[in-house]
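S.K.: Could you slot chains S, V and X onto chain A? The hints should help.
Chains as they are written, first to last, in this note's numbering: chain A, 1 to 289; chain S, 1001 to 1289; chain V, 2001 to 2383; chain X, 3001 to 3383.
One or more of the hints may lead you astray.
[Said to hold, decoys possible] In silico DSSO-like links for lysine-lysine, alpha-carbon gap of 27 Å or less:
{"hint": "1", "chain 1": "S", "residue 1": "Lys1144", "chain 2": "V", "residue 2": "Lys2350"}
{"hint": "2", "chain 1": "X", "residue 1": "Lys3153", "chain 2": "X", "residue 2": "Lys3135"}
{"hint": "3", "chain 1": "A", "residue 1": "Lys202", "chain 2": "A", "residue 2": "Lys268"}
{"hint": "4", "chain 1": "V", "residue 1": "Lys2135", "chain 2": "V", "residue 2": "Lys2153"}
{"hint": "5", "chain 1": "V", "residue 1": "Lys2350", "chain 2": "A", "residue 2": "Lys43"}
{"hint": "6", "chain 1": "V", "residue 1": "Lys2051", "chain 2": "V", "residue 2": "Lys2091"}
{"hint": "7", "chain 1": "V", "residue 1": "Lys2091", "chain 2": "V", "residue 2": "Lys2153"}
{"hint": "8", "chain 1": "S", "residue 1": "Lys1202", "chain 2": "S", "residue 2": "Lys1228"}
{"hint": "9", "chain 1": "A", "residue 1": "Lys268", "chain 2": "A", "residue 2": "Lys132"}
{"hint": "10", "chain 1": "A", "residue 1": "Lys144", "chain 2": "A", "residue 2": "Lys132"}
{"hint": "11", "chain 1": "A", "residue 1": "Lys144", "chain 2": "A", "residue 2": "Lys107"}
{"hint": "12", "chain 1": "A", "residue 1": "Lys107", "chain 2": "S", "residue 2": "Lys1132"}
{"hint": "13", "chain 1": "S", "residue 1": "Lys1043", "chain 2": "S", "residue 2": "Lys1144"}
{"hint": "14", "chain 1": "A", "residue 1": "Lys107", "chain 2": "V", "residue 2": "Lys2230"}
{"hint": "15", "chain 1": "X", "residue 1": "Lys3091", "chain 2": "S", "residue 2": "Lys1107"}
{"hint": "16", "chain 1": "A", "residue 1": "Lys202", "chain 2": "A", "residue 2": "Lys228"}
{"hint": "17", "chain 1": "V", "residue 1": "Lys2135", "chain 2": "S", "residue 2": "Lys1107"}
{"hint": "18", "chain 1": "S", "residue 1": "Lys1043", "chain 2": "X", "residue 2": "Lys3153"}
{"hint": "19", "chain 1": "X", "residue 1": "Lys3223", "chain 2": "X", "residue 2": "Lys3051"}
{"hint": "20", "chain 1": "V", "residue 1": "Lys2135", "chain 2": "V", "residue 2": "Lys2350"}
{"hint": "21", "chain 1": "S", "residue 1": "Lys1144", "chain 2": "S", "residue 2": "Lys1132"}
{"hint": "22", "chain 1": "S", "residue 1": "Lys1268", "chain 2": "S", "residue 2": "Lys1228"}
{"hint": "23", "chain 1": "S", "residue 1": "Lys1228", "chain 2": "S", "residue 2": "Lys1132"}
{"hint": "24", "chain 1": "A", "residue 1": "Lys144", "chain 2": "X", "residue 2": "Lys3350"}
{"hint": "25", "chain 1": "X", "residue 1": "Lys3223", "chain 2": "A", "residue 2": "Lys107"}
{"hint": "26", "chain 1": "X", "residue 1": "Lys3051", "chain 2": "X", "residue 2": "Lys3091"}
{"hint": "27", "chain 1": "S", "residue 1": "Lys1043", "chain 2": "X", "residue 2": "Lys3135"}
{"hint": "28", "chain 1": "A", "residue 1": "Lys43", "chain 2": "V", "residue 2": "Lys2135"}
{"hint": "29", "chain 1": "S", "residue 1": "Lys1202", "chain 2": "S", "residue 2": "Lys1144"}
{"hint": "30", "chain 1": "A", "residue 1": "Lys268", "chain 2": "A", "residue 2": "Lys144"}
{"hint": "31", "chain 1": "A", "residue 1": "Lys202", "chain 2": "A", "residue 2": "Lys144"}
The set of hints was computed from the structure by calculation and includes no laboratory data.
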Amino acid sequence: MSILIDQNTQVLIQGITGTVGSFQARIMRDSGTRVVAGVTPGKGGAEVHGIPVYDLIEEAAVRHRIDAVLSFVPARSALDAALEVIDAGIPLLVLTAEGVPDQDMVKLVRYAAINGTTVVGPDTPGLVSPGKCKLGVHPNRVLKPGPVGVLSKSGALSYEVCKALTEQGIGQSTIVGIGGGPLWGLSQQAVLRLFQQDPETKAVVLLGEVGGTMEQEAAAYIEAEMDKPVVALIVGRAAPAGSRMGHAGAIIEGEEGTAASKIEALRKAGAWIAHRPSEIPLLLRRLGV
Amino acid sequence: MSILIDQNTQVLIQGITGTVGSFQARIMRDSGTRVVAGVTPGKGGAEVHGIPVYDLIEEAAVRHRIDAVLSFVPARSALDAALEVIDAGIPLLVLTAEGVPDQDMVKLVRYAAINGTTVVGPDTPGLVSPGKCKLGVHPNRVLKPGPVGVLSKSGALSYEVCKALTEQGIGQSTIVGIGGGPLWGLSQQAVLRLFQQDPETKAVVLLGEVGGTMEQEAAAYIEAEMDKPVVALIVGRAAPAGSRMGHAGAIIEGEEGTAASKIEALRKAGAWIAHRPSEIPLLLRRLGV
Amino acid sequence: MRLFEFQAKRLLAECGVPVPPGILIRSPSEVAGLAFPAVLKAQVPVGGRGKAGGIRVVHHADEARMAVEELLGTRIRGYPVRAILAEPRVKVSRELYLALLVDPRTNRPMVIASAAGGMEIEEIARQAPEQIVRKPFDPFIGLPSHLIRSAGKALAIQDAPTFGAILEAMVGLFTSQDATLVEINPLAETPDGLVALDAKIVLDDKAAYRHTELFARLSEEQKELGRTDKTPAEVLAEERRITYILLEGEIGLITDGAGTGMLTLDLIQEAGGRPANFCEMGGLANAEIMAQAMEVVLANPRVKALLISLIGGLTRMDEMAEGIVRYLERQPVTVPLIVRMCGTQEEVGKATLRRVGIEPFDDLDEAVRRVVQAVEGASACRS
Amino acid sequence: MRLFEFQAKRLLAECGVPVPPGILIRSPSEVAGLAFPAVLKAQVPVGGRGKAGGIRVVHHADEARMAVEELLGTRIRGYPVRAILAEPRVKVSRELYLALLVDPRTNRPMVIASAAGGMEIEEIARQAPEQIVRKPFDPFIGLPSHLIRSAGKALAIQDAPTFGAILEAMVGLFTSQDATLVEINPLAETPDGLVALDAKIVLDDKAAYRHTELFARLSEEQKELGRTDKTPAEVLAEERRITYILLEGEIGLITDGAGTGMLTLDLIQEAGGRPANFCEMGGLANAEIMAQAMEVVLANPRVKALLISLIGGLTRMDEMAEGIVRYLERQPVTVPLIVRMCGTQEEVGKATLRRVGIEPFDDLDEAVRRVVQAVEGASACRS
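Next comes chain A alone, as it looks inside the complex (with noise of 0.2 Å):
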């Protein structure tokens, strides 16, 4: 197993006939993921690469299974995208677009939550359990199949640390980019409780960031739940203090907005710090992975 997607799982590529979207279907396709589809609205009929592109989520779903989307659809349109592949009943999608208005993703995540799509973004590159299916953009090399769940706010971070860890021959069992923020169709959480039910997975690597208060709720389910080690790396300890929003910043996340507090809350709950990316391979071996 691994979480989210497995080698049976069907995708199909919104904004398949984009540069970026045609493009990163080859090499998703060339990576053995099952692309059954593409939608880009007006160009219905055509094919990219052999995938046959509809100009409707419904008209490729009479035609083939649909488990996952991946949406390459830019931030302006993502919402009016998402709301297709909600009312087309497919559980997972996956959203690309940075810079998706805040007012619409409230809109997205609750109309995802109230029909049963998992969201995985916004600003993410996806997820991929290597060897099985890709769903996103990572580079193929850094990629190598084995026991480790990664989750990451930033997709290039998540890049560098399995870059580590497959140099070093640790596999990954998923790798999930949670997204950039400042909201989030799944949470940390949400994707611990799948890596610590996931067979597959013995060790998970946690990469966060400065701000927000998600690390200490994330640290909350390690304490509480986890059996499974995690090793984390927050980053942004250098970085200077950003503007806060108001008082009412202070008031929902008090002082947890600092990588410190976040540091400290994951190894108060029995997690492994590490400091950088080349540390993690290391620590994950003591852990006997």
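M.R.: Here is chains S, V and X on its own, set in the frame of chain A:
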């Protein structure tokens, strides 16, 4: 058992300090219903027939377990008041208001469904399980505990039928007024399903009327799923054809809106057809009740 | 409130939906400014107007004047023609169907669309229902763009942006003005693009309080055009805001619920009687409404006997009896009066009635039998 | 976009929220029309203005003129004071706190309210968080009336209708203008009713395209008031729409992700280096953006070495290499340039770099070590 309510149901009355609310609260309490609280904004701290009144449901919910709300709030405030019930997580709401705008009902029913609140009504006398719980305004003299489930669009029509049943010694398990439409929180079909599953209900009386297609859907359910006998009375056989909703009405309703078509569908589905309330106890006796 | 065509089109035009440039004509002299050929459409609040001769195509002013004169003198399905909408004739390549209403099955707003609109739509609904697109959508999300694209594709729309704008305008109108129906039929494809050739809008009377100005304006116009010739009883019912439908018979009827009202109609008819009306007071009836309902029903001179059938839950019998007495104090009832009374506070109510010499019935079948006999007796006397 | 107080109050006033009648003063001569006593409030886009002396109460025109003159010459937490909001002094009986933002825990809009507002609010949040009301609500329903009543009761509001109207106006503004924060602190109870004495609004830059007029107007004002004195690099970054934060050190940094940007800052700092900036190009970077980022970072004269650290998924290394070469063709880089390259299309990218004599690194730690050494070397040479 009985459906939706029983002797343990704890009831809150919205609009308890109004003329109707306080009058019916006393009748309900006197017939043994556990009316534990009332809410009227601005009247918090008062008492009505010894029942404590709160400004907000959230305040009442701190002190009492609330299983159901009976709303006497007028149509214009019905949506607002219902949102408070739904947000408080109360599983059952009975809306007596007549004249709630359709758009308000659309929102109300959707929001209730999302949050797991069952809505009975609007424009309903409520529901009552004789001898156990009265969550409505039915005249007590027509009620008697027993094995027959009654569901009705029209409140007064259900009183007529219960009067006929009670006078012939046939009691009722639960009497549900689904409301006068044109939109309904709970449908005939949903109530039939509950009666089918209720071990205390031995037979069901379905009271319908001209207009809409709900009786046809109920007939489909009866045919497919029910093994308990159903006696149906459809009124409006002599009613003049109402003004229909343009072609759209014809498209969604076809010829199904007529009393004759409803009677035909129910007869085909195996229901016994009554022509007047006084026939119903005779039919039920013949069916072994 | 069911709008006249010209009212519906005006609302649609205000939301940006393309409609033909029309003028409302109320006398033959007003045909002066028309462009020809023109279409003259009788403004009546019923369908089937075309088949009843209510639509004329005219080619010059004289023909127009004559046609207007003729139309203004006719009735269409009982409704007098008091105004005519005159529009330039439009070249139509296709007639589509588009409507929005609340789907009672899902409780959601729903788009209904068909590539074959016009008069045939109901026929298609019967014969080939799969050719009609029915798309409910979530009221919290509104019309999603994929639904617009999907409907547009099903209808083979060329001008997708205008089609989307029309649908969005319909939803906007539906939501913001509390409509229960917005129907464009036909939505015509013409050389100049999509045009709403005919439209039907029904507004939700239950939400009139949120749109007082709009309702006032529309009602004023409708009153002026006279939806129909009303009897004094109907006029009174409208003033008193009582649900009242005039029927053909002699037995006046008042009930405290719509369901029992229909039941009692059925029972009267099946007992050989002929109801004079349907009249129900609703769940919030009080003594005054009871008295007013009697006033309304007895204003119909055809009424030969009156049955008041009450079985109250929310309606209190003490109040109802009080209302009957109040009416009797104002004026005597000259026809047989049968009261059936049962329900909340019935002991008090019955006692009140007995004080004025009315012995209320308890059994509905018996009450119906009595009122039918009373009328038969009256007829027998007269004959 | 974080608004100035006067901008936030203007938006709130347009939505019907009561604010004191204020005028914006930009020179001492403008105090003429003031009513006294008046409050003069420096318009700077940071908090803690009161403690920094940015708020003055004045009692007559001379005092006002002097105070304005003084304030216009000062800086508050680094920001020059270029405008002053002058308002009549208001008698305050209670200072409340009211804010609206998206709760990141539930992804829902949330009302935050407290009976104790003003400067103490953060202290209360730490010491007695239970005194702060936090009420998320469903975005599809909007602000329900029971939430208004509940918050009003928690704050012991006397004038419930005005309180409700203020909350509704805040939600309207929040939703219709894509705000990420609407904060009124204090919301003052005065003898004349509730008044928003200070307000903070942050608009969502990601939604600027939906509010082009509003953003243009606000930006124009902010530009004029000069949020701060910008370096040429910062001005360039703003023009190029590149995320760029100026820091104190000497090592220029460009990354293709925010997370790796922060990681690299951490690594540089922990290796004893001092970053000159944070600069990330985002996931949609192409060759041109790469070249522009180099232009921005190298516009800072303090930069003694440049580390470009790339690990691309969506970002293509062939594009990035192309961008670096494009920049070098335009002008030479006079400081040591370290490129770390890995990811999508990296073979092509690396080949391109090698053609212009750059040997890219693959290991991040090593690249960081090299750039830190390069600066140390440069410093050593100079000393």
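S.K.: Compare the structure with each hint and give your call.
M.R.: Verification of the supplied hints:
1. With a C-alpha separation of about 23 Å, the suggested pairing of Lys1144/S with Lys2350/V holds against the 27 Å cut-off.
2. A hinted pair counts as satisfied when its Cα atoms are at most 27 Å apart, and Lys3153/X with Lys3135/X qualifies at roughly 13 Å.
3. With a CA separation close to 21 Å, the supplied pair Lys202/A and Lys268/A stays within the 27 Å bound.
4. For the proposed pair Lys2135/V and Lys2153/V, the alpha carbon gap of about 13 Å is at most 27 Å, so the pair holds.
5. Using a Cα cut-off of 27 Å, the hinted pair Lys2350/V and Lys43/A is violated, with the two alpha carbons roughly 76 Å apart.
6. Distance hint between Lys2051/V and Lys2091/V is fulfilled; the C-alpha atoms sit about 21 Å from each other, no more than 27 Å.
7. A threshold of 27 Å between alpha carbons decides the hint, and for Lys2091/V with Lys2153/V the separation of about 23 Å falls inside it, so the pair holds.
8. Distance restraint check for Lys1202/S and Lys1228/S: the Cα-Cα separation of roughly 6 Å lies within the 27 Å cut-off, and the hinted pair is therefore satisfied.
9. About 35 Å separates the Cα atoms of Lys268/A and Lys132/A, which puts this hinted pair outside 27 Å; it is violated.
10. A threshold of 27 Å between alpha carbons decides the hint, and for Lys144/A with Lys132/A the separation of about 10 Å falls inside it, so the pair holds.
11. Restraint check for Lys144/A and Lys107/A: not satisfied, since their Cα atoms lie roughly 36 Å apart, outside the 27 Å limit.
12. Only pairs whose Cα atoms come within 27 Å are accepted, and Lys107/A paired with Lys1132/S is rejected, the gap being roughly 43 Å.
13. Straight-line distance between C-alpha atoms of Lys1043/S and Lys1144/S comes to about 35 Å, which puts the hinted pair past the 27 Å bound.
14. Among the hinted pairs, Lys107/A with Lys2230/V is inconsistent with the structure: their alpha-carbon atoms are about 50 Å apart, more than 27 Å.
15. Of the pairs offered as hints, the one joining Lys3091/X and Lys1107/S is violated, with about 43 Å between alpha carbons and a cut-off of 27 Å exceeded.
16. Between Lys202/A and Lys228/A the CA atoms are separated by roughly 6 Å; this keeps the pair inside 27 Å, and the hint holds.
17. Restraint check for Lys2135/V and Lys1107/S: the C-alpha separation of about 18 Å stays at or below 27 Å, so the hint holds.
18. Under the criterion of a C-alpha separation no larger than 27 Å, the hint pairing Lys1043/S with Lys3153/X is consistent with the structure, at around 13 Å.
19. Taken as a hint, the Lys3223/X and Lys3051/X pair is honoured in the structure, with Cα atoms around 25 Å apart against an allowance of 27 Å.
20. With a C-alpha separation of about 53 Å, the suggested pair Lys2135/V and Lys2350/V falls outside the 27 Å cut-off, and the hint is violated.
21. About 10 Å separates the Cα atoms of Lys1144/S and Lys1132/S, which keeps this hinted pair within 27 Å; it holds.
22. At most 27 Å may separate the alpha-carbon atoms for a hinted pair to count; Lys1268/S and Lys1228/S meet this at roughly 15 Å.
23. Restraint check: the Cα-Cα separation between Lys1228/S and Lys1132/S comes to about 23 Å, which is no more than 27 Å; the hinted pair holds.
24. Note on Lys144/A and Lys3350/X: the hinted pairing holds, with a Cα-Cα distance of about 23 Å set against a maximum of 27 Å.
25. For the proposed pair Lys3223/X and Lys107/A, the alpha carbon gap of about 33 Å is over 27 Å, so the pair is violated.
26. For the suggested pair Lys3051/X and Lys3091/X, the alpha carbons sit about 21 Å apart, so the restraint of at most 27 Å is met.
27. In summary, the hint linking Lys1043/S to Lys3135/X is supported, as the alpha carbons are separated by about 23 Å, within the 27 Å threshold.
28. Note on Lys43/A and Lys2135/V: the hinted pairing holds, with a Cα-Cα distance of about 23 Å set against a maximum of 27 Å.
29. Pair hint Lys1202/S plus Lys1144/S holds up; C-alpha atoms about 15 Å apart against a cutoff of 27 Å.
30. Distance check on the hinted pair: Lys268/A and Lys144/A sit about 31 Å apart at the alpha-carbon level, beyond 27 Å; violated.
31. Note on Lys202/A and Lys144/A: the hinted pairing holds, with a Cα-Cα distance of about 15 Å set against a maximum of 27 Å.
The structure shown violates the earlier hints numbered 5, 9, 11, 12, 13, 14, 15, 20, 25, 30.
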